[in-house]
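Chemist: Sequence:
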Amino acid sequence: MIDYIEGHTLLINKPLRWTSFDVVKKIRNCLLTSLQLKKIKVGHAGTLDPLADGLLIVCTGKFTKRINEFQAKEKEYTAEFTLGATTPSFDLETEVNETFDYSHITDDMLKKTAKSLTGNIMQAPPIYSAIKQDGKRLYEYARKGENIKIKERMVNISKFELVKVEMPKVYFKIVCSKGTYIRSLAYSFGKNLNSGAHLSQLTRTRIGNFKLSKAIDLQEFIDTHSKRNNQISEH
Numbered sequence: 157m158i159d160y161i162e163g164h165t166l167l168i169n170k171p172l173r174w175t176s177f178d179v180v181k182k183i184r185n186c187l188l189t190s191l192q193l194k195k196i197k198v199g200h201a202g203t204l205d206p207l208a209d210g211l212l213i214v215c216t217g218k219f220t221k222r223i224n225e226f227q228a229k230e231k232e233y234t235a236e237f238t239l240g241a242t243t244p245s246f247d248l249e250t251e252v253n254e255t256f257d258y259s260h261i262t263d264d265m266l267k268k269t270a271k272s273l274t275g276n277i278m279q280a281p282p283i284y285s286a287i288k289q290d291g292k293r294l295y296e297y298a299r300k301g302e303n304i305k306i307k308e309r310m311v312n313i314s315k316f317e318l319v320k321v322e323m324p325k326v327y328f329k330i331v332c333s334k335g336t337y338i339r340s341l342a343y344s345f346g347k348n349l350n351s352g353a354h355l356s357q358l359t360r361t362r363i364g365n366f367k368l369s370k371a372i373d374l375q376e377f378i379d380t381h382s383k384r385n386n387q388i389s390e391h
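For the numbering used here, count along the sequence shown from 1 and bump the result up by 156.
The hints are simulated quantities; they were obtained by calculation from the structure and are not laboratory data. Even for Gly, the Cβ is constructed at its ideal location relative to N, Cα and C. Take the hints with a grain of salt, since some may be wrong.
[What the hints assert, rightly or not] Pairwise CB distance ranges, derived in the manner of DEER restraints: (1) Met265 to Asp379: 43 to 49 Å; (2) Glu322 to Asn348: 16 to 22 Å; (3) Gly364 to Lys307: 23 to 29 Å.
[Said to hold, decoys possible] Here are the computed lysine-lysine pairs in the DSS-like style, where the Cα-Cα straight-line distance is at most 30 Å: (4) Lys271 to Lys307; (5) Lys320 to Lys288; (6) Lys218 to Lys347; (7) Lys195 to Lys370; (8) Lys329 to Lys367; (9) Lys329 to Lys288; (10) Lys194 to Lys221; (11) Lys267 to Lys181; (12) Lys182 to Lys197; (13) Lys307 to Lys347; (14) Lys334 to Lys315; (15) Lys300 to Lys268; (16) Lys300 to Lys229; (17) Lys347 to Lys288; (18) Lys182 to Lys195; (19) Lys267 to Lys334; (20) Lys329 to Lys268; (21) Lys370 to Lys347; (22) Lys334 to Lys181; (23) Lys288 to Lys181; (24) Lys197 to Lys221; (25) Lys195 to Lys181; (26) Lys367 to Lys320; (27) Lys182 to Lys334.
Use the sequences and the hints to build the structure in full.
Modeler: Below is the structure:
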């Protein structure tokens, strides 16, 4: 039997529109009920935005001490960029605020632009993000409509591979370092093509050696533990 208090690593396929914290809260409540505990530590390693799905590492008990170790690992994503339009959040969380021509863009330009954004690059996080600057989270400035110069930081894009083109949608496989915002990458990609782009779909497929193919659906985890709780109640 798994000892969740001593520590366990769960690979969860995060559902679309759930926050990473929503998943942690659901798992914590599920474990408290099924194991009949008063408290248990549960945390996640590497936030996924609500509009992204895929691999989320959830640690329980003493394994929560390993969260920083897991967060530091390389990440792999499959992503869909939509050309010809930008949004303030760089994804579908906000409405399109500007449209651009993309009829001049060729497959060769797409490949060259992806190559130009590979390696060590300077990147500014989106204004709609939870990163703190001068003591406030960036989205707090965004919601108040305040203009702020966002500090850039270096990230590493080790793979930016063009998978498929169905204009205006372009599909990629991306491997990157901790702290990379794929939304910001989509924005830069559009800008470098003398057009615009936003992130329209994102799935995290790997964190270090942990793969999405080994993850379980959140509902499957809940159902398994609810069943176990019912069996305990019947005895």
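Chemist: Determine for every hint whether it applies to the structure shown.
Modeler: Now the hints, each set against the structure:
1. Met265 to Asp379: 43 to 49 Å: The hinted range 43 to 49 Å holds for Met265 and Asp379, with Cβ atoms some 48 Å apart.
2. Glu322 to Asn348: 16 to 22 Å: holds (20 Å)
3. Gly364 to Lys307: 23 to 29 Å: Given a distance of about 27 Å, which is inside 23 to 29 Å, the answer is holds.
4. Lys271 to Lys307: Holds, because 24 Å separates the two Cα atoms, which is no more than 30 Å.
5. Lys320 to Lys288: violated (35 Å)
6. Lys218 to Lys347: violated (45 Å)
7. Lys195 to Lys370: holds (28 Å)
8. Lys329 to Lys367: holds (14 Å)
9. Lys329 to Lys288: holds (28 Å)
10. Lys194 to Lys221: Measuring from Cα to Cα gives roughly 20 Å; hence the hint holds.
11. Lys267 to Lys181: violated (41 Å)
12. Lys182 to Lys197: holds (13 Å)
13. Lys307 to Lys347: holds (18 Å)
14. Lys334 to Lys315: holds (14 Å)
15. Lys300 to Lys268: Violated. Lys300 to Lys268 sits at ~37 Å, over the 30 Å cutoff.
16. Lys300 to Lys229: violated (34 Å)
17. Lys347 to Lys288: holds (25 Å)
18. Lys182 to Lys195: holds (14 Å)
19. Lys267 to Lys334: holds (24 Å)
20. Lys329 to Lys268: Holds: Lys329 and Lys268 sit about 15 Å apart, inside 30 Å.
21. Lys370 to Lys347: violated (36 Å)
22. Lys334 to Lys181: holds (24 Å)
23. Lys288 to Lys181: holds (23 Å)
24. Lys197 to Lys221: holds (10 Å)
25. Lys195 to Lys181: Answer holds: Lys195 to Lys181 is near 12 Å, not above 30 Å.
26. Lys367 to Lys320: Roughly 22 Å between the alpha carbons, so the hint for Lys367 and Lys320 holds.
27. Lys182 to Lys334: Cα-Cα ~25 Å, so holds.
Figure legend: structure checked against the earlier numbered hints; hints not met, in rising order: 5, 6, 11, 15, 16 and 21.
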